[in-house]
Amino acid sequence: MKKVEEEVKAPQKEEEVEEQLEEEEELEEGEELEEEVEEPIPKEVVQRRKYLKRYKDKDLFETVEEVFDMATQMAVYELIRRGVIGELKGVISAGKEARVYCGKSPQGDDIAVKIYLTTTAEFRKSIRKYIIGDPRFEQIANRGLRHLIYAWARKEFRNLKRLEQAGVRVPSPIAVYRNVLVMEFIGENCKRAPLLVELAKPVNQLDVEEWKKIFETVYDYMVKMYQKARLVHADLNEYNIMYWKGEPVIIDVSQAVPINHPYAHDFLMHDIQQIRRFFSSVGVEVPSAAEMYARITGLE
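In terms of full-length UniProt numbering, the sequence shown has 230 at position 230, counting the first letter as 1, and numbering is strictly consecutive.
Because the hints were derived from the structure by calculation, they are not lab data.
We put the CB at the ideal spot given by N, CA and C, even for glycine.
Be aware that one or more of the hints could be misleading.
To be verified - BS3-like cross-link-like pairs, simulated, lysine-lysine; straight-line CA separation at most 25 Å: (1) 213 to 201; (2) 245 to 201; (3) 104 to 213; (4) 191 to 224; (5) 224 to 213; (6) 104 to 191; (7) 213 to 245; (8) 213 to 96; (9) 212 to 224; (10) 228 to 213; (11) 104 to 161; (12) 96 to 201; (13) 201 to 228; (14) 228 to 89; (15) 224 to 245; (16) 161 to 245; (17) 161 to 191.
Unchecked claim - Cβ-Cβ distance ranges computed for the label pairs, FRET-style: (18) 299 to 81: 48 to 54 Å; (19) 108 to 273: 41 to 47 Å; (20) 288 to 87: 46 to 52 Å.
Start from the sequences and build out the full structure, keeping to the hints where you can.
What follows is the structure, given as structure tokens:
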């Protein structure tokens with residue numbers, strides 16, 4: 001396979017970053033397969049490891065080294081080398097499948113760096129219902145876990161792009177490489193924006209009129225998701241919606257499925273019920289589930 005020599009230089013368009021990162025990813029995945037059968041480590045990998053040892057930002061290295069394997073460390077440093085990540089700071093969100101770090105771009109802007117864990121055995125089980133029947137995973141679903149996680153990260157990146165293009169407010173995607181997704185940071189000074197659940201509990205911080213406006217916006221997003229992006233979020237609730245500068249921001253879209261997915265109807269009904277439940281709890285008079293379903297799908 002032809003070696004890719006050209007570096008991604010910042011600033012650069014998101015589409016160009018994604019294309020070049022994915023082009024090199026094919027080569028590097030092949031190198032991992034060679035390592036699995038205990039063949040000699042490719043020269044390029046050896047050189048990168050030497051590069052990591054020479055890298056002078058020890059705080060960054062220690063931050064990543066404590067949690068992630070060498071392949072993930074190298075993915076992070078590759079994004080640093082290409083001018084996508086300038087600095088990686090502390091964890092702002094930690095889950096079973098991924099951790100989100102606050103970082104800085106080379107220009108000094110806040111960025112969110114989401115790193116999917118490649119060592120959790122629960123990952124395949126937790127995403128199984130979302131990938132069965134998704135044509136985007138037909139060629140990858142039965143391959144190794146690491147390849148599946150790489151595809152899952154690319155899926156979230158592409159879902160973010162589709163939603164943003166459809167007019168849904170999401171963190172703007174910047175780049176994806178292997179199991180590392182870089183996107184807009186929602187918040188400032190490495191302090192993330194609050195989730196809707198945090199504005200409602202333990203003390204309700206907004207009045208009913210504000211909640212009503214948020215509901216109407218989220219409702220409109222659900223319509224755009226389905227009719228323009230042709231996606232169903234599949235896990236939409238108060239834990240996956242931030243509130244920043246007067247508007248809701250939809251997050252965690254890796255599990256979003258196309259509307260022709262065999263479980264798309266069930267996922268959509270679940271999203272509707274979760275949104276109705278939460279906004280009703282903060283005093284908003286919400287439409288019936290049937291009314292919401294008709295409007296979202298365009299069947300009204």
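To see whether the hints hold, each was checked on the structure:
1. 213 to 201: Since the Cα atoms of residue 213 and residue 201 sit roughly 19 Å apart, the hinted pair holds (cutoff 25 Å).
2. 245 to 201: With a Cα-Cα distance of about 20 Å, the restraint between residue 245 and residue 201 holds, given a limit of 25 Å.
3. 104 to 213: This hinted pair is violated, its Cα atoms lying about 32 Å apart.
4. 191 to 224: violated, 29 Å
5. 224 to 213: At roughly 17 Å apart (the allowed maximum being 25 Å), residue 213 and residue 224 satisfy the hint.
6. 104 to 191: holds, 13 Å
7. 213 to 245: Status holds; Cα separation ~13 Å.
8. 213 to 96: violated, 33 Å
9. 212 to 224: Cα-Cα ~18 Å, so holds.
10. 228 to 213: holds, 22 Å
11. 104 to 161: Given that 25 Å is the threshold and the Cα spacing comes to 21 Å, the pair holds.
12. 96 to 201: With a Cα-Cα distance of about 23 Å, the restraint between residue 96 and residue 201 holds, given a limit of 25 Å.
13. 201 to 228: Status violated; Cα separation ~33 Å.
14. 228 to 89: Roughly 36 Å between the alpha carbons, so the hint for residue 228 and residue 89 is violated.
15. 224 to 245: holds, 21 Å
16. 161 to 245: This hinted pair holds, its Cα atoms lying about 21 Å apart.
17. 161 to 191: Measuring from Cα to Cα gives roughly 24 Å; hence the hint holds.
18. 299 to 81: 48 to 54 Å: holds, 50 Å
19. 108 to 273: 41 to 47 Å: holds, 43 Å
20. 288 to 87: 46 to 52 Å: The hint (46 to 52 Å, Cβ to Cβ) holds, given that residue 288 and residue 87 are roughly 49 Å apart.
Hints 3, 4, 8, 13, 14 from the earlier list are contradicted by this structure; the remaining hints agree with it.
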